[in-house]
Amino acid sequence: MSRYLDKEIFTAPKSKPTRDAFGLATAAMGEKDDRVVVFTADVSGSVRADWFAAKFPERFYNMGISEQNMVAAAVGMSLEGFIPYVSTFGVFLTGRCYDQVRMLVSYSKTNVKLVATHTGITVGEDGVSHQMIEDVSLMHVIPNMRVIVPCDTREAIRALTAIKDIDGPFYVRLGRQNTPLVTSEEAPFELGKALMLQDGDDVTVIANGILVYEALLAARNLAEENISVRVLNMHTVKPLDHDALLSAAHETGAFVTAEEHLCAGGLGSVVANWSCTHFPVPVEMIGMKDQYGQSGPADQLLDHYHLRSPDIVNAVRNVLKRKKTV
Amino acid sequence: MCTPDKKTLHMLKEKARLIRVSCVQMIHKAKSGHVGGSLGLSDIFASLFFKILNHDPSNPKWEGRDRFVLSNGHVVPVLYAAMAYSGYFPVEELMTLREFGSRLQGHPSRTNLPGIEISTGSLGQGLGVAVGMALAARQKNQDHRIYCSIGDGESQEGSIWEAALSAGHYKLDNLTVFMDRNFIQIDGNTEDINALEPVADKWKAFNWHVIEANGNDFVEIFKAFDQAKSLKGKPAIILFRTRLGFPVSFMDGVSKWHGTAPKDEEAQKALDEIEAFYQSGE
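Chains as they are written, first to last, in numbering that gives the first Met the number 0: chain A, 0 to 325; chain B, 0 to 281.
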């Protein structure tokens, strides 16, 4: 078992929402660096910005229900040397503010860290209006933007901390619901460097976000059938880790992607695009197909939309059949 | 500084003339661009860049500078001309407007030209950035001012009012905004298309100081900026009544000239009229 995995991940996994990382990381960074400021739009409790606000009220800006102005004002502060961490729900941050992100953040290359806390179908009962499944598509196509989808709270803290010292625009995708702590305390985070959580040589499952855990479960089940699965935690969608993909394509010859997001424009598309242009291998995708979610408990939705380890197992079987015919 | 003396007035008139001539020439050469608003704003921009702004064109990153944000980015020719004549870059470079490889992009680009604080051109966004700059100055106890230019048509964007609400909330008295109130947007008169009046009342209701002034009169321009600077406890907006295309007779108040480049004959006629206006000593 990789030392990058939490020791109890397969026996007694501990869970935390990745959104907690926003409060924990910003509050910790705020101690050491007074350039760190936090912006939110009337959702300070939900995004855990209140954890920062409790310690640094003078560096906390609640802009009210005005997301576009929140992004613009954060840009203004970044131009004056502050490092704004800007957080609200994914749908508002990337959808409603798309033009502000395009013009003021990415085109203008400003040092703004956009962090969405409520993304994907696991937002659950609130339904489609709050279940953002297009955000990675929208953000990764923008020039200059970097996109990170951490798999657990620990990785999210590492990512949020790392990007403070990397100048320029970032989008970090967090989630609302409890998510197993997959990675160990000693796991590294390097921007654009995939984390191999399990080696294997028959097929590579490339996952991010909450699907990393499902990928690991799938790999364990497949091991019992003597199918050797490599699991790559592709936390950085952009810049993409070309080296890890090249090795995986060369050494395993088949890919399954897994994400809690539309396959269109998401990790699936990004990996397929890479494969077509660099090293063609068969690719199967686990993710949301061309459809919205609906209200319901997160677990039930993950089952319904086939975002579970048995779905990954099926995808692996399918991709292996295609691999043989290539 | 309240009333400019005779010498200053003479200097400003000359700068405004140069800015107007360049606006017509560069937009004519580029064959596209927004000439009407640029001409109408020339007196305000001459006043800002040659007298009102505390800035150092040789050091656009100087920490103590007043910040200037052009939220109505389409009138960037007037900004480029004011920047060039005040020393940010060579005047000859003005004629590269909108050309391939030019630093003078069709709308202002922060990463291309030093002195542009933020890239704009998508309306309604610059004011929010100015709000952030004003918050930053307050946080750092800095005493420079933040100036922001907005259009009247631009104020049909909801994001202008989001920014207006927050500037009022934070009582940003280090922020001076001015609106180019020429009543013209691309498709016609603002009041026919999506009425803004009573616009002064709207800003007052958002907890702003509102100053109304003639934007083509140096004495009024100076008085308005002076007043805006002295008012405390709230942000200030100057509603500058301007004449689109001024002083070119065939452009004056004609919406066609919001975003149309003059053809050869039109450009010559415009330049002749500008020269005649300044020679008449009006």
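Quick caveat, the hints were computed from the structure, so don't treat them as lab data.
Any given hint might turn out to be false.
Derived DEER-like restraints, expressed as beta-carbon distance ranges [claimed, not checked]:
id	chain 1	residue 1	chain 2	residue 2	range
1	B	GLU62	A	ASN61	25 to 31 Å
2	A	THR276	B	PRO89	56 to 62 Å
3	B	LYS228	A	GLU30	25 to 31 Å
4	A	ASP125	B	MET94	52 to 58 Å
5	B	LYS231	A	GLU30	51 to 57 Å
6	A	SER128	B	GLU190	34 to 40 Å
7	B	ASP263	A	GLY63	47 to 53 Å
8	B	ASP142	A	ARG34	37 to 43 Å
9	B	ASN58	A	VAL140	47 to 53 Å
10	A	GLU30	B	GLU196	25 to 31 Å
Straight-line distance between alpha carbons at most 30 Å, and here's what the computed DSS-like set of lysine-lysine pairs gives [claimed, not checked]:
id	chain 1	residue 1	chain 2	residue 2
11	A	LYS163	A	LYS54
12	B	LYS60	A	LYS108
13	B	LYS139	A	LYS108
Calculated Cβ distances over 10 Å to all of chain A for the following chain B residues [as the list claims (entries may be wrong)]:
id	residue
14	GLU116
15	THR119
16	GLY123
17	LEU134
18	LYS139
19	GLU161
20	ALA162
21	SER165
In this text, a Cβ means the ideal position worked out from N, Cα and C, and glycines have one as well.
Taking the hints in turn, this is what the structure says about them:
no. : hint                            : in the structure
1   : B:GLU62 x A:ASN61: 25 to 31 Å   : holds (28 Å)
2   : A:THR276 x B:PRO89: 56 to 62 Å  : violated (43 Å)
3   : B:LYS228 x A:GLU30: 25 to 31 Å  : violated (38 Å)
4   : A:ASP125 x B:MET94: 52 to 58 Å  : holds (55 Å)
5   : B:LYS231 x A:GLU30: 51 to 57 Å  : violated (34 Å)
6   : A:SER128 x B:GLU190: 34 to 40 Å : holds (36 Å)
7   : B:ASP263 x A:GLY63: 47 to 53 Å  : holds (52 Å)
8   : B:ASP142 x A:ARG34: 37 to 43 Å  : violated (20 Å)
9   : B:ASN58 x A:VAL140: 47 to 53 Å  : violated (37 Å)
10  : A:GLU30 x B:GLU196: 25 to 31 Å  : violated (51 Å)
11  : A:LYS163 x A:LYS54              : holds (18 Å)
12  : B:LYS60 x A:LYS108              : holds (16 Å)
13  : B:LYS139 x A:LYS108             : holds (23 Å)
14  : GLU116                          : violated (6 Å)
15  : THR119                          : violated (7 Å)
16  : GLY123                          : violated (8 Å)
17  : LEU134                          : violated (6 Å)
18  : LYS139                          : violated (7 Å)
19  : GLU161                          : violated (4 Å)
20  : ALA162                          : violated (5 Å)
21  : SER165                          : violated (6 Å)
Against the hints set out earlier in the document, violations occur for numbers 2, 3, 5, 8, 9, 10, 14, 15, 16, 17, 18, 19, 20 and 21.
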